[in-house]
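Chain residues, written in single-letter form:
Protein chains: 2
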Amino acid sequence: MDFKEELKKYQKIVNCELEKILRKEELPEKILNEAMEYSLMAGGKRLRPILVLSTYKIFKEDIEKCMPYGIALEMVHNFSLIHDDLPGIDNDDIRHGKPTNHKKYNEATAILAGDGLLNGAYIVISNDIKNTNLENEEDLKNKLKVFNEFSVAVDRMIAGEYVDTEYEGKEISNKYLEYIHKNKTGELIKLPVRMGAILARASKEDIEKLTRYAEKIGLAFQIKDDILGEIGDEKVLGKPVGKDKKMKKCTFVSKYGLKGAEEILEKITNEAIEELKDYGKKAEFLKELALYIKNRNK
Amino acid sequence: MDFKEELKKYQKIVNCELEKILRKEELPEKILNEAMEYSLMAGGKRLRPILVLSTYKIFKEDIEKCMPYGIALEMVHNFSLIHDDLPGIDNDDIRHGKPTNHKKYNEATAILAGDGLLNGAYIVISNDIKNTNLENEEDLKNKLKVFNEFSVAVDRMIAGEYVDTEYEGKEISNKYLEYIHKNKTGELIKLPVRMGAILARASKEDIEKLTRYAEKIGLAFQIKDDILGEIGDEKVLGKPVGKDKKMKKCTFVSKYGLKGAEEILEKITNEAIEELKDYGKKAEFLKELALYIKNRNK
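Residue numbers (my numbering), protein chains in the order written: chain A, 2 to 299; chain B, 2 to 299.
Hints are computed from structural coordinates only; laboratory data are not their basis.
We put the beta carbon where it would ideally sit given N, CA and C, even for glycine.
One or more hints might be untrue.
[What the hints assert, rightly or not] With a cut-off of at most 27 Å between alpha-carbon atoms, the simulated BS3-like pairs for lysine-lysine come out as follows:
(1) B:Lys-250 x A:Lys-105
(2) A:Lys-250 x A:Lys-183
(3) A:Lys-31 x B:Lys-171
(4) A:Lys-104 x A:Lys-250
(5) B:Lys-9 x A:Lys-31
(6) A:Lys-146 x B:Lys-250
(7) A:Lys-142 x B:Lys-66
(8) B:Lys-171 x A:Lys-104
(9) B:Lys-58 x B:Lys-104
(10) B:Lys-250 x A:Lys-31
(11) B:Lys-25 x A:Lys-171
(12) A:Lys-142 x B:Lys-131
(13) B:Lys-256 x B:Lys-268
(14) B:Lys-46 x B:Lys-31
(15) B:Lys-105 x A:Lys-171
(16) A:Lys-250 x B:Lys-31
(17) A:Lys-10 x A:Lys-176
(18) A:Lys-250 x B:Lys-104
(19) A:Lys-9 x A:Lys-99
(20) B:Lys-183 x B:Lys-105
(21) B:Lys-171 x B:Lys-183
(22) A:Lys-250 x A:Lys-205
(23) B:Lys-104 x A:Lys-171
(24) A:Lys-142 x A:Lys-131
(25) B:Lys-146 x A:Lys-142
(26) B:Lys-105 x B:Lys-31
(27) A:Lys-250 x B:Lys-105
(28) A:Lys-9 x A:Lys-66
(29) A:Lys-105 x B:Lys-171
(30) A:Lys-176 x B:Lys-31
(31) A:Lys-58 x A:Lys-256
(32) B:Lys-210 x A:Lys-131
(33) B:Lys-146 x A:Lys-25
[As the list claims (entries may be wrong)] With beta-carbon atoms standing in for the labels, derived distance ranges:
(34) B:Gly-44 x A:Lys-146: 34 to 40 Å
(35) B:Lys-66 x A:Lys-66: 30 to 36 Å
(36) A:Lys-176 x B:Cys-17: 30 to 36 Å
(37) A:Asp-140 x B:Asn-175: 45 to 51 Å
(38) A:Leu-23 x B:Leu-135: 30 to 36 Å
(39) A:Lys-105 x B:Lys-176: 26 to 32 Å
(40) A:Glu-62 x B:Lys-176: 45 to 51 Å
Turn these sequences into a full structure, and let the hints steer you where they fit.
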């Protein structure tokens with residue numbers, strides 16, 4: 002399997018689906034819709050929907066069935082980026098190498114575009130559930146479970162963002178650092194893997210195994226983010242480097258040093274891959290994805 | 002029926018249910034939860050959940066069945082107030098006679114508290130749907146329909162708020178003024194009436210009739226808001242008066258004059274009440290509610 006090719010293929014499918022949900026009509030709120038589209042199509046990695054699709058694919062081939070949940074997740078992810086970038090929160094000007102939403106439009110538009118994306122995720126989910134054949138009890142049950150886990154995970158993400166903001170520039174305990182990572186980043190990486198597995202009717206045991214994989218790559222993702230925030234290439238990364246240090250933000254690097262953070266990243270990535278060993282070739286993409294998260298430079 | 006007594010009874014039931022969903026644990030995000038509680042319990046009229054309950058009660062007695070949807074709506078209503086009050090949007094300092102959320106806490110907390118309330122509404126809905134007996138096909142179908150209508154109505158509300166913000170201080174056509182009212186205020190008054198009727202298994206004809214009632218009281222609510230914004234008592238109202246005029250905001254009063262607005266209010270209230278005539282005593286509360294909206298001074 003050529004991982005890079007496979008990744009591109011997935012990204013293309015996701016982008017194509019995202020295009021479909023965008024509204025191009027001449028509505029009075031046209032610019033609000035454009036602002037939502039601006040962030041949604043700004044060139045994200047599509048990591049979360051791809052996790053839904055590729056986990057689902059371990060068990061079943063008809064990936065279009067889980068697509069709405071991946072799309073909803075990407076919308077929520079972009080909502081959180083828009084709101085985090087706001088002057089009242091992180092006050093960031095650049096994201097994916099482009100002006101942030103409130104810089105491109107204005108603050109009011111950015112707040113409401115974020116709101117619209119968060120709420121829009123639930124329009125996508127409700128449309129899919131409403132159209133489920135009620136006779137198909139197992140699928141329906143799984144979708145309702147996924148809808149519930151989705152809403153709870155987003156709640157945890159918001160809480161994590163709050164605690165992160167609250168403790169910016171303050172001394173922070175290991176317990177709180179862990180709490181921030183687990184909630185702010187971890188929940189929305191664990192969720193897509195669980196959603197993919199649940200929607201594909203995986204067994205309880207498989208769901209648990211894949212949840213452990215997801216928790217580990219979620220942590221790896223955060224550690225790598227912290228490392229890139231310290232020594233990444235601003236041009237490649239598309240956002241400022243060294244800001245965490247300047248803001249005295251508590252990160253894995255500030256806590257364990259650069260070498261320490263890299264060692265934890267290596268260890269946790271190997272552990273994640275270990276969780277996949279029962280699935281053989283079927284989980285090759287997820288394995289490569291774990292390595293990609295570790296090795297990425299943006 | 003003593004309307005004031007009945008209204009208080011409903012408000013008490015709703016407040017009691019809202020208390021149950023509040024989180025009092027010593028979580029790292031404790032202050033975020035407090036900020037959500039602060040706005041949720043700041044003394045709103047609970048008009049929207051009461052509309053769900055009292056419409057449901059025309060058809061069925063077990064109002065606890067539709068309660069989660071009323072609660073979810075009240076959460077969304079409060080999310081919209083918090084975000085509208087933000088410095089980046091309306092920049093309001095006072096709401097219900099108290100400091101607005103970002104004044105009491107700070108901007109970051111207010112943004113995230115709003116996000117948490119919007120998302121929290123979907124936690125409440127997903128919990129209720131997940132616990133529905135799948136054998137009970139009609140109720141399940143109705144709940145999925147209501148979930149979908151809910152998400153679409155919130156989207157319309159956000160769009161309405163956007164257009165309102167966009168056109169502040171600018172000349173505005175009748176078409177756009179109508180669009181703002183229909184979306185920003187109207188959708189979230191129409192929705193609870195429809196939800197109550199759908200969840201109570203009302204006939205298609207009854208749902209349509211009550212939808213017309215709701216559209217009319219929604220418009221009446223907006224006209225009265227505009228009138229109070231012009232000539233209300235600041236102390237009773239708990240928010241500044243005359244701001245619309247100062248901001249050159251387009252309102253029913255600026256468009257039709259005070260007398261003109263009062264005439265439309267009278268006419269539309271009578272039309273709303275006319276829609277209820279088939280339900281006799283069972284709709285007495287909804288009838289009194291229409292009069293209450295017309296006559297309120299806050």
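Checked hints:
Note on Lys-250 (chain B) and Lys-105 (chain A): the hinted pairing holds, with a Cα-Cα distance of about 25 Å set against a maximum of 27 Å. Distance check on the hinted pair: Lys-250 (chain A) and Lys-183 (chain A) sit about 16 Å apart at the alpha-carbon level, within 27 Å; holds. Restraint check for Lys-31 (chain A) and Lys-171 (chain B): the C-alpha separation of about 17 Å stays at or below 27 Å, so the hint holds. Simply put, Lys-104 (chain A) and Lys-250 (chain A) have alpha-carbon atoms about 23 Å apart, close enough for the 27 Å limit, and the pair holds.
The straight-line distance between the Cα atoms of Lys-9 (chain B) and Lys-31 (chain A) is roughly 42 Å, outside the 27 Å bound, and the hint therefore fails. Distance check on the hinted pair: Lys-146 (chain A) and Lys-250 (chain B) sit about 45 Å apart at the alpha-carbon level, beyond 27 Å; violated. Between the alpha carbons of Lys-142 (chain A) and Lys-66 (chain B) the distance comes to roughly 20 Å, so the proposed pair stays at or under 27 Å and holds. Of the pairs offered as hints, the one joining Lys-171 (chain B) and Lys-104 (chain A) holds, with about 22 Å between alpha carbons and a cut-off of 27 Å not exceeded.
Between Lys-58 (chain B) and Lys-104 (chain B) the alpha-carbon distance is near 39 Å, which puts this suggested pair outside the 27 Å criterion. In summary, the hint linking Lys-250 (chain B) to Lys-31 (chain A) is supported, as the alpha carbons are separated by about 21 Å, within the 27 Å threshold. Between Lys-25 (chain B) and Lys-171 (chain A) the alpha-carbon distance is near 24 Å, which keeps this suggested pair within the 27 Å criterion. This hinted pair checks out: Lys-142 (chain A) and Lys-131 (chain B) have alpha carbons roughly 8 Å apart, not beyond 27 Å.
Restraint check for Lys-256 (chain B) and Lys-268 (chain B): the C-alpha separation of about 17 Å stays at or below 27 Å, so the hint holds. With a C-alpha separation of about 26 Å, the suggested pair Lys-46 (chain B) and Lys-31 (chain B) falls inside the 27 Å cut-off, and the hint holds. The straight-line distance between the Cα atoms of Lys-105 (chain B) and Lys-171 (chain A) is roughly 22 Å, inside the 27 Å bound, and the hint therefore holds. Of the pairs offered as hints, the one joining Lys-250 (chain A) and Lys-31 (chain B) holds, with about 21 Å between alpha carbons and a cut-off of 27 Å not exceeded.
Between the alpha carbons of Lys-10 (chain A) and Lys-176 (chain A) the distance comes to roughly 39 Å, so the proposed pair goes past 27 Å and is violated. Distance check on the hinted pair: Lys-250 (chain A) and Lys-104 (chain B) sit about 25 Å apart at the alpha-carbon level, within 27 Å; holds. Proposed proximity of Lys-9 (chain A) and Lys-99 (chain A) is supported: the alpha carbons are some 21 Å apart, at most 27 Å. This hinted pair does not check out: Lys-183 (chain B) and Lys-105 (chain B) have alpha carbons roughly 31 Å apart, beyond 27 Å.
Distance restraint check for Lys-171 (chain B) and Lys-183 (chain B): the Cα-Cα separation of roughly 19 Å lies within the 27 Å cut-off, and the hinted pair is therefore satisfied. For a cut-off of 27 Å, the pair hint linking Lys-250 (chain A) to Lys-205 (chain A) is broken: about 38 Å separates their Cα positions. A C-alpha spacing of about 22 Å is found between Lys-104 (chain B) and Lys-171 (chain A), which places the hinted pair at or below 27 Å, so the restraint holds. Only pairs whose Cα atoms come within 27 Å are accepted, and Lys-142 (chain A) paired with Lys-131 (chain A) is accepted, the gap being roughly 12 Å.
Distance check on the hinted pair: Lys-146 (chain B) and Lys-142 (chain A) sit about 16 Å apart at the alpha-carbon level, within 27 Å; holds. Between Lys-105 (chain B) and Lys-31 (chain B) the alpha-carbon distance is near 15 Å, which keeps this suggested pair within the 27 Å criterion. The straight-line distance between the Cα atoms of Lys-250 (chain A) and Lys-105 (chain B) is roughly 25 Å, inside the 27 Å bound, and the hint therefore holds. With a CA separation close to 20 Å, the supplied pair Lys-9 (chain A) and Lys-66 (chain A) stays within the 27 Å bound.
Restraint check for Lys-105 (chain A) and Lys-171 (chain B): the C-alpha separation of about 22 Å stays at or below 27 Å, so the hint holds. Simply put, Lys-176 (chain A) and Lys-31 (chain B) have alpha-carbon atoms about 15 Å apart, close enough for the 27 Å limit, and the pair holds. Our distance criterion of 27 Å between C-alpha atoms is broken by Lys-58 (chain A) and Lys-256 (chain A), whose separation comes to about 38 Å. Among the hinted pairs, Lys-210 (chain B) with Lys-131 (chain A) is consistent with the structure: their alpha-carbon atoms are about 24 Å apart, no more than 27 Å.
For the hint linking Lys-146 (chain B) to Lys-25 (chain A), the alpha-carbon distance of about 26 Å falls within 27 Å, and the restraint holds. About 37 Å separates the C-beta atoms of Gly-44 (chain B) and Lys-146 (chain A), a value consistent with the hinted range of 34 to 40 Å. Under the hint 30 to 36 Å, the C-beta atoms of Lys-66 (chain B) and Lys-66 (chain A), about 31 Å apart, fit the expected range. The supplied range of 30 to 36 Å is met by Lys-176 (chain A) and Cys-17 (chain B), whose beta-carbon atoms lie about 35 Å from each other.
A hinted range of 45 to 51 Å for the beta carbons of Asp-140 (chain A) and Asn-175 (chain B) is consistent with their spacing of about 48 Å. A hinted range of 30 to 36 Å holds for the C-beta pair Leu-23 (chain A) and Leu-135 (chain B), which are about 34 Å apart. In this structure the supplied range 26 to 32 Å holds for Lys-105 (chain A) paired with Lys-176 (chain B), their Cβ-Cβ distance being about 28 Å. Checked against the hint of 45 to 51 Å, the pair Glu-62 (chain A) and Lys-176 (chain B) passes, with Cβ atoms roughly 49 Å apart.
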